[in-house]
Amino acid sequence: MSPSVSFPGRPLSRRAFLVAAAGGVVAVTIIGCESDQSGQSGQSPIDGSVPDSTGASGSAGSGAGAARVLVIVELDGGNDGLSALVPADGRYRDARPTLAVPESDVVALAGTTEVGLHPALAPLVPLWTSGRMAAVRGIGFSDPDRSHFVSLDRWWRADQGGTAPGWLSQWLGTLPADAPPLVATSIGGRAPLLAGSDRLPTTVIDSSAFAFATPALGDGVARLASPLADDPLVAAAQTAMARSVDAVRAFAGLKSAAADQIDPADPITAGLALAAQVVAGATGPTVVVVSSGGFDTHAGQAATHQRLYADLAKGVSGFFSTADTQGFADRVLMVTTSEFGRRVVENGSAGTDHGAGGVSFAFGPSVAPGVHGAIDLGDLLDGDVRPVVDPRVLYTASLDWLGADVEAALGQRYDDVALLRS
Amino acid sequence: MDDRTAVAWIHRRIGLGLSPDQLGAARARGVDAELADLVSADPGANDPWASVEVSADPKATGAQKTAVVGAWVDHLTVTTTPFADRVAWLLHGWLVSSMDKARSPAQMVNQIRLFRAAGLGSFPELLRAVTTDPAMLVYLDGRESTGSAPNENFGRELLELFALGVGNYGEADVKAGARALTGWTTGAGEVTAVFRRNRHDDTPQRYLGTDGVHDVDTVIAAAVAHPAHPRFVARRVAREVLGTVEDPVVGRLATVYDDNGRRLDAVIAAAVRLGLDGAGSSVVLAPVPWLAMARRSTGATLPAKTVARGLGAAGQIPLFPPNVGGWPGGSAWFASATVVARANLAAALAAGTAADHPTLAAAGSRDLGLLADRLGVPTGSFGPATTAALLNAPDPRQRLALALVSPEFVIT
Chain Y
0 MSPSVSFPGR
10 PLSRRAFLVA
20 AAGGVVAVTI
30 IGCESDQSGQ
40 SGQSPIDGSV
50 PDSTGASGSA
60 GSGAGAARVL
70 VIVELDGGND
80 GLSALVPADG
90 RYRDARPTLA
100 VPESDVVALA
110 GTTEVGLHPA
120 LAPLVPLWTS
130 GRMAAVRGIG
140 FSDPDRSHFV
150 SLDRWWRADQ
160 GGTAPGWLSQ
170 WLGTLPADAP
180 PLVATSIGGR
190 APLLAGSDRL
200 PTTVIDSSAF
210 AFATPALGDG
220 VARLASPLAD
230 DPLVAAAQTA
240 MARSVDAVRA
250 FAGLKSAAAD
260 QIDPADPITA
270 GLALAAQVVA
280 GATGPTVVVV
290 SSGGFDTHAG
300 QAATHQRLYA
310 DLAKGVSGFF
320 STADTQGFAD
330 RVLMVTTSEF
340 GRRVVENGSA
350 GTDHGAGGVS
360 FAFGPSVAPG
370 VHGAIDLGDL
380 LDGDVRPVVD
390 PRVLYTASLD
400 WLGADVEAAL
410 GQRYDDVALL
420 RS
Chain H
0 MDDRTAVAWI
10 HRRIGLGLSP
20 DQLGAARARG
30 VDAELADLVS
40 ADPGANDPWA
50 SVEVSADPKA
60 TGAQKTAVVG
70 AWVDHLTVTT
80 TPFADRVAWL
90 LHGWLVSSMD
100 KARSPAQMVN
110 QIRLFRAAGL
120 GSFPELLRAV
130 TTDPAMLVYL
140 DGRESTGSAP
150 NENFGRELLE
160 LFALGVGNYG
170 EADVKAGARA
180 LTGWTTGAGE
190 VTAVFRRNRH
200 DDTPQRYLGT
210 DGVHDVDTVI
220 AAAVAHPAHP
230 RFVARRVARE
240 VLGTVEDPVV
250 GRLATVYDDN
260 GRRLDAVIAA
270 AVRLGLDGAG
280 SSVVLAPVPW
290 LAMARRSTGA
300 TLPAKTVARG
310 LGAAGQIPLF
320 PPNVGGWPGG
330 SAWFASATVV
340 ARANLAAALA
350 AGTAADHPTL
360 AAAGSRDLGL
370 LADRLGVPTG
380 SFGPATTAAL
390 LNAPDPRQRL
400 ALALVSPEFV
410 IT
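Those protein sequence lines, which keep their order, are chains Y and H. Take 0 as the starting number for the first sequence in numbering that gives the first Met the number 0 and just add one per residue. Take 0 as the starting number for the second sequence in numbering that gives the first Met the number 0 and just add one per residue.
Read the hints as simulated data drawn from the structure, not as lab findings. Cβ atoms here follow ideal geometry from the backbone N, Cα and C, with glycine treated the same way. A portion of the hints provided could be inaccurate.
As the list claims (entries may be wrong) - Here's a subset of chain H near chain Y, in silico, CB distances under 7 Å, partners left out:
1. Val-338
2. Pro-383
3. Thr-386
As the list claims (entries may be wrong) - Far from chain Y, some chain H residues (derived; all Cβ distances over 12 Å):
4. Asp-31
5. Ala-192
6. Thr-217
7. Ala-340
As the list claims (entries may be wrong) - Beta-carbon label-pair distances, calculated as ranges:
8. Arg-90(Y) <-> Ala-187(H): 31 to 39 Å
9. Asp-201(H) <-> Gln-159(Y): 41 to 49 Å
10. Gly-252(Y) <-> Ala-32(H): 51 to 59 Å
Whenever a hint applies, use it, and build me the whole structure from the sequences.
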């Protein structure tokens, strides 16, 4: 009997869509992915050691030689940075007469009076107070585009043009041919930031369905993959088949029960729970992308944010709780991305339209904690937060964290903001 | 390509595949007659949701939504007007709304009915109609947009994704269009839109270089009068029908568009004729048309829940596109999630194929040329890997399942 499928009818806009199977299985479907983050070495607050700043082996982790991991959480649709990281600025309240987070609800962050968190993000406070959280304000390209798709594309390709590969492809290409199939895993829909390499990421949409109905079926699919055809498109299909069979086998070895028990209404939480399993089982440097939609809040923004931010906070705090328990937290750099921020002035639909500068968060013991990037609500760009931090700052830190060649991937370093502890 | 191959190819590119019996009859009619018949069939009363409950309730249950999704996929498998239904499917991925936000099944079904009824005709008229379509008013927030504070969501996507493409408009056009489009709204679950004059800003705007734009009709008129519009439509159609094309092909299709009353059916028919002459590239079938074709080839049916769950795992649930850009195409469908989900759906179809079905019989005969023929792929097209995998399959149903996920069936 196949489980029933439910369609949580939630008011999301660009969206993530979840399939929940009765029996508690979750399918996270998402959609666009991307982005990044990263960090790098620094003194571990846990054991005081200094990780190798170029290296594939972190300062701690589960076992000798355990490798570094980059987790990218893409908030699809254009997250409103001003709602996530609320400025203590009267101009924000003037621009958002119905949407401003009430001052009494803003969650204070130790060490700063300039900003506070949206109340639904309160579960992140322990990460902040333990020095494992950073926020980057005003992130975005200096010549922003307000199209979702153009902006996503620029983030994915590190703004290197419409035919450039995803910004992590160069790193992917340096991995050994026999690297484990989950070394680049996208939980959600697709992973354009991982595209462009011969190495295909593993994509998981419905974790409960990521298995062949019978072992013989998987064997048959593997046979379809070899020998490779001359036609490049056919060969690409075959390569994907071989990769998929390997990925299914690797995936079967993960402890999957935990993610399957998560409420399907919490797609980020479900995705990050699965990500934690992938990371816990990783034996080499690994990138996991979790993407989820709904952040295109043109209307009814307040209720949507309450739900989405609660999911995000639960997912991130749960991930690090697992990581601490299992001893792999020091190997992890996690970053959130979104294609743009939103218009400063609210619209007439209790929402906000597409904007420019947004906010990214970074988590992990290696991040330089605190708030980076200064925005000025008195100096807007066509009504939007003026971008002041290039997204490639995140990529530089991420690639450093992975021990990758930043200049080979991005052409140059972008370290106007040092996101990793020095 | 030879006529025998061409007949099947047409139905894979702009139809929904053919059963072995249908394929035989189509081949007997010949390429020209078959193409003419295919593109001229009137969808008429052939409604996909004639026999299921279509709830108007925005709080419809998962089971109600699954039933509506399943009914459409069933319809795509059995429809006698596959061209109109394939075009409706194409439009669903182009002029996008999603039940994820327009939560009422009735609103989404109403929009797909619009695509079926009007999708083959004037594209500017369809654009005008979808602008005030209730599901669209919900999905892209038009219903919330007022003259005092316009919402830019629809106005931006109209220019970027529906009519012109990036680079052909500016931010001032987005803002002006949003203002002119204010006033149209709809209620939760309603399938009619209403115009509220007190919510509309009728101030004449300068929009796309045209002065005096002030309402939905003048917005659409200005958008389709933009010189970039015909090539935008041509390129979008070519991408669906022909894959990757050269610029001259786009130019020819744009001319066809302008010379034929801007009807979409004319452009699509012209595109497929160019494809028969060698234009374009291979195309990867998306999960939904692939499933419809696989079902047609096997005669197998699947429960709605199995369909919805399988397509969900594959990344393509009808009526739930992931975002306003629709589904990604091409090699994005080689994602591992999709590979695995297709294999499981194919195995379920093979398990459900009648013992005496000609396609299963061909699989049982181990005559791979015959199997290819009944699946509508060119005889002899199975490459070495597929040939070895099929001959190695432990039984006919497994062989059939593998043939359905083989690159030769998935790529057309």
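Going down the list of hints, with the structure as the test:
1. Val-338: Val-338(H) check passes; min Cβ-Cβ to chain Y is 4 Å, inside 7 Å.
2. Pro-383: At 6 Å from the nearest chain Y Cβ, Pro-383(H) passes the 7 Å test, so the hint holds.
3. Thr-386: Hint violated; Thr-386(H) Cβ to chain Y Cβ min 10 Å, cut 7 Å.
4. Asp-31: holds (29 Å)
5. Ala-192: holds (16 Å)
6. Thr-217: holds (21 Å)
7. Ala-340: violated (6 Å)
8. Arg-90(Y) <-> Ala-187(H): 31 to 39 Å: Given range 31 to 39 Å: holds, Cβ gap about 35 Å.
9. Asp-201(H) <-> Gln-159(Y): 41 to 49 Å: holds (45 Å)
10. Gly-252(Y) <-> Ala-32(H): 51 to 59 Å: With Cβ atoms ~56 Å apart, the hint holds.
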